[in-house]
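Engineer: The lines below spell out each chain.
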Amino acid sequence: MPKRESPEVPAGAMADIAFMLLIFFLVATTMDVDSGLARMLPPKVENVPDDTPPIKERNVLIVQINSMNRIAIEGLPIDISQVKEKAKEFIANKAKLENLPEFEIKDIEFFGSVEVSKGVISLQNDNGTTYETYIAVQNELARAYNELREELSKEKFQKDFDELSSDEQDAVRKYYPQKISEAEPRNIGKK
Amino acid sequence: MSKFGRKNKGGSPAISTASLPDIVFMLLFFFMVTTTMRTADLKVDNKIPYSTELKKLEKKSLVSYIYVGEPKKQFRALFGTEPRIQLNDQFAKVSDIEQFITSEREAREEAEVPQMTTSIKADAKVKMGIITEIKQALREVNALKINYSTKKQIRK
Numbered sequence: 004m005p006k007r008e009s010p011e012v013p014a015g016a017m018a019d020i021a022f023m024l025l026i027f028f029l030v031a032t033t034m035d036v037d038s039g040l041a042r043m044l045p046p047k048v049e050n051v052p053d054d055t056p057p058i059k060e061r062n063v064l065i066v067q068i069n070s071m072n073r074i075a076i077e078g079l080p081i082d083i084s085q086v087k088e089k090a091k092e093f094i095a096n097k098a099k100l101e102n103l104p105e106f107e108i109k110d111i112e113f114f115g116s117v118e119v120s121k122g123v124i125s126l127q128n129d130n131g132t133t134y135e136t137y138i139a140v141q142n143e144l145a146r147a148y149n150e151l152r153e154e155l156s157k158e159k160f161q162k163d164f165d166e167l168s169s170d171e172q173d174a175v176r177k178y179y180p181q182k183i184s185e186a187e188p189r190n191i192g193k194k
Numbered sequence: 013m014s015k016f017g018r019k020n021k022g023g024s025p026a027i028s029t030a031s032l033p034d035i036v037f038m039l040l041f042f043f044m045v046t047t048t049m050r051t052a053d054l055k056v057d058n059k060i061p062y063s064t065e066l067k068k069l070e071k072k073s074l075v076s077y078i079y080v081g082e083p084k085k086q087f088r089a090l091f092g093t094e095p096r097i098q099l100n101d102q103f104a105k106v107s108d109i110e111q112f113i114t115s116e117r118e119a120r121e122e123a124e125v126p127q128m129t130t131s132i133k134a135d136a137k138v139k140m141g142i143i144t145e146i147k148q149a150l151r152e153v154n155a156l157k158i159n160y161s162t163k164k165q166i167r168k
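Chains A and B, in that order, are what the protein sequence lines are. 4 is the number of the first residue of the first sequence in our numbering; add one for each residue after it. 13 is the number of the first residue of the second sequence in our numbering; add one for each residue after it.
I should point out that these hints are in silico values taken from the structure, not numbers from a laboratory. All the pointers check out, no bait thrown in.
Straight-line distance between alpha carbons at most 30 Å, and here's what the computed DSSO-like set of lysine-lysine pairs gives:
id, chain 1, residue 1, chain 2, residue 2
1, B, 72, A, 47
2, A, 47, B, 68
3, B, 164, A, 159
4, B, 163, A, 162
5, A, 109, B, 157
6, A, 162, B, 71
Computed from a prediction, not measured in an experiment: that's the story for all the values here.
Just chain A, same shape as in the assembly:
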């Protein structure tokens, strides 16, 4: 049989097929960018004699959350909305008060030698605290640091923190190092 030239394959349906696949992937896609609060756990405590001098009381801000999800700073009950202000006041200690953290002189790029606060925030929680409250407090504390860094970069570089170069960001981070200590577990305020 004499073969004739094969007819062209219609490509009109191609779009339909592609659309179908497209819609499948559109539906199946979960574009959840994993994000969260990054923290470093303290290294495991070996049984070595502790030679480090104890941290002075004025350098520590104790934040406690009890099993009823109530928050206390330095033993005084406080609302979650005020945690950030308290933390900022503590970290920056702009008025150089006696009962707020000491400073140490550090050499930081861009800033020269400056006084860096030695303050540490110690977050203690009860086994009965809900995770949600815990994260909310962690978030407020992180916000305190971030706002201070933001203010500093505005003051020093006249720019938002996000717009700084990575070297500048590191310098600002060194100026306000995020020191949130997650204490050893214990039961506080259990009833």
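With chain A's structure known, arrange chain B on it following the hints.
Structural biologist: Just chain B, lined up with the frame of chain A:
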């Protein structure tokens, strides 16, 4: 008279749809590449809390996930309603975390091990007791980089 005068006055010409598949394919490939199929079947309720100060997790291949929450309805008969840990595809105990982290480490290159992060995806209603136990277990195996998984909250 003019060069640009319409040649066929009656009816607009049909738009060529020949390039439509190309456009659709382009979109298709984009979504195929960006799609991350959920790797683990969640067996626990997992409504993660909200926060505003979150950071993006970098290097997804270096992240191991620990899910915490109450078992889903179909598993309640077997596992009760107490919050449980889920590693990979199954329920686990706190003591299994050590094994889990070790096997996760073995799957990676040695140079990347220090950058490995453990993402704790815990339900907002979970009590801190179990989280603290997980944290202690992670300290035990020296997996110190952690990330409390949260969703972005829009502040008004």
